[in-house]
Amino acid sequence: MASITLPRTVLIFVALLLAFFPLIGATFYIQLGAKIMIMAIFALSLDLLVGHTGLVSLGHAAYFGIAAYSLALISPKYEAASLWLTLPAAMIMAALAALVIGFFVVRTAGVYFIMVTLAFAQMLYSIFHDTRMAGGSDGLYIYVRPELSIAGFKPLDLESPTQFYYLALIFLAIVYVFLDRLLHAPLGRALAGIRANEQRMSSIGYPVFAYKLAAFVVAGALAGLAGYLAACQFGYVNPDILAWHQSGIVLMMVILGGMGRLHGAVLGAFSYVLIQEVLSAPALLGAYAKHWQLAMGSLIVLIVLILPHGIAGFLDIALRRYSYRFSRDQRGDGV
Amino acid sequence: MLYLIQLLNAVQYGLLLFLLSSGLTLIFGIIGVINLAHGSFYMVGAYLAYWLAKLTGSLWLAIPIGIVIAFGIGLLLETTIINRLYKRDHLYQVLLTFGLILIFEELRSILFGDEVHGVAVPALLDFSIPLTETLSYPVYRLFVTAVCLVIAGLLYFIIQSTRVGMMIRAGNSNREMAASLGVNIPVLFALVFASGMALAAFAGTIAAPISSVFPGMGNQILIICFVVVVVGGIGSINGAMIASLAIGLADTVGKVFAAEYSAVAVYLVMAAILLWRPQGIANKA
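Going down the list, the protein sequences come from chains A and B. Start counting the first sequence at 1; every next residue gets the next number (this note's numbering). Start counting the second sequence at 1; every next residue gets the next number (this note's numbering).
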């Protein structure tokens, strides 16, 4: 099994690169960067289930969407809501939804789990789509972004793309470190045990159901964080954000990057959004850009067939070859 | 009388679901592949019905040609792509077939556009049976019900009483054992997959005059079929039959009593089954 995360020096280097990016990037790219980091948080949350617990959820967009809708529903119309109130509220709503749905789905395994998570997510989609309680199929607007203030002082103004970018970066870093700690803590080791052999874990006395449910709820809450940020950024929510298509995309990000590795999820989000931007750019592909999903679908099929361990797995192999040659040169027995 | 109409609708919808979910459950039970693109074949069938009916001027011609085309596409897909997934984790099967959905949807958008199209009911069946002075029931819906029943009976006969059916049952209960006893697995798998696709497309062609053809129609019904398979139990045709009718009924009851929340009724049935019998009604624990 490859390492869960990258060496600390590499991580700090990447974090610094991301922190300095707004100094040189144009506004469009800063917004794109924030979007990528939000999707990275979303992919990280799903990787906790898929890559680290062995639960393939195909309904993860539900919790993303619940949190986004929570923000839209509790924000006052013409004044800014407080981030300190709305963010925990949105994450709690997502966690609660994950708790209730998880109570039903976690008792299933394998292919049942895939179908049941998808079905419950679709149920939420149809509730938001068919009823008028949250704008129906038209969705809802968030006219004023939430504000972040500490005793009257506002360290970050979310209306500014650059400052919003930093907020997303801070949250990405927090989630990354949190998951890294979690996976090295007893809970994370137990989840890895469940992923490897569920029967064994249960026969040596671990309450497997409770552990899996805990992972499901934590993943739901973190997906909620991503959903909250996404709703903040776009100022608009509609039922499509919790549709199964969105769940498929985030699963794609996890696999594309390489599951079971935290940096894989981030790489996956980064690559997916960039690929999508390129494929749907009329400047590059003209009239075909409208049909970018055709190219994306073909790419997904190809990746499953030829790149089973994702980009991170590919890098792992390349790095191992490199470090092997490097250590051989150091010992002086190289050619 | 109103309830009779609703009951007939429920049975018709349930049987249509059976055509789709029987293929889905068999493909999973025998081949071990979870196929998200199953719904896409429902859509392919419906669009083929629309296109071929316009081309030939008759739905009666469109249906058999559509089935043959769908069978061919299924066979091609199985032998080029799906057969590489047998030994892979479900995760990759989900992802690859998700990619296939995107491809099918986008091809549909390129070839037929994004509008909703209607398909005319064949003139022969384009009338209604009056039930009371104001209510009547369209004959085409009864025809669909009858056809689905015939197909279901045929499927039952093939699986229970023919040599191919025996192989299918053998493959369903123990793939490796069936292979080691001389069942030609690659051929059987290709046949089962392509037949499942043809069944799904057939459901699409005969449903087209009722539901009209529209973008995303396959995905909507796919998820309901997943619910049917979960409720019925994977690999079980009998379970799929019972579950299809139950879900058809739940959906119709939901529509009558709580229109806005009608979609929820179906999932409530699923949640209840998950608590009561997580392995589905037809499978033993």
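Heads up, some of the hints might be wrong.
[Unchecked claim] Some chain A residues close to chain B (C-beta under 10 Å, calculated; not the full set): (1) Val105; (2) Tyr112; (3) Tyr125; (4) Asp157; (5) His245.
[To be verified] Ranges of calculated distance between the beta carbons of each label pair, as one might list FRET restraints: (6) A/Leu182 / B/Leu149: 30 to 36 Å; (7) A/Ala109 / B/Asn83: 23 to 29 Å; (8) A/Gln199 / B/Ser128: 54 to 60 Å; (9) A/Pro88 / B/Asn283: 50 to 56 Å; (10) B/Pro215 / A/Ser82: 37 to 43 Å; (11) B/Pro215 / A/Thr131: 18 to 24 Å; (12) B/Ser109 / A/Thr9: 42 to 48 Å.
In short, the hints are calculated from the structure, not lab data. In this text, a Cβ means the ideal position worked out from N, Cα and C, and glycines have one as well.
Hint-by-hint comparison with the structure:
no. : hint                            : result
1   : Val105                          : holds, 8 Å
2   : Tyr112                          : holds, 6 Å
3   : Tyr125                          : holds, 9 Å
4   : Asp157                          : violated, 38 Å
5   : His245                          : holds, 8 Å
6   : A/Leu182 / B/Leu149: 30 to 36 Å : violated, 54 Å
7   : A/Ala109 / B/Asn83: 23 to 29 Å  : holds, 25 Å
8   : A/Gln199 / B/Ser128: 54 to 60 Å : holds, 58 Å
9   : A/Pro88 / B/Asn283: 50 to 56 Å  : violated, 42 Å
10  : B/Pro215 / A/Ser82: 37 to 43 Å  : holds, 41 Å
11  : B/Pro215 / A/Thr131: 18 to 24 Å : holds, 22 Å
12  : B/Ser109 / A/Thr9: 42 to 48 Å   : holds, 47 Å
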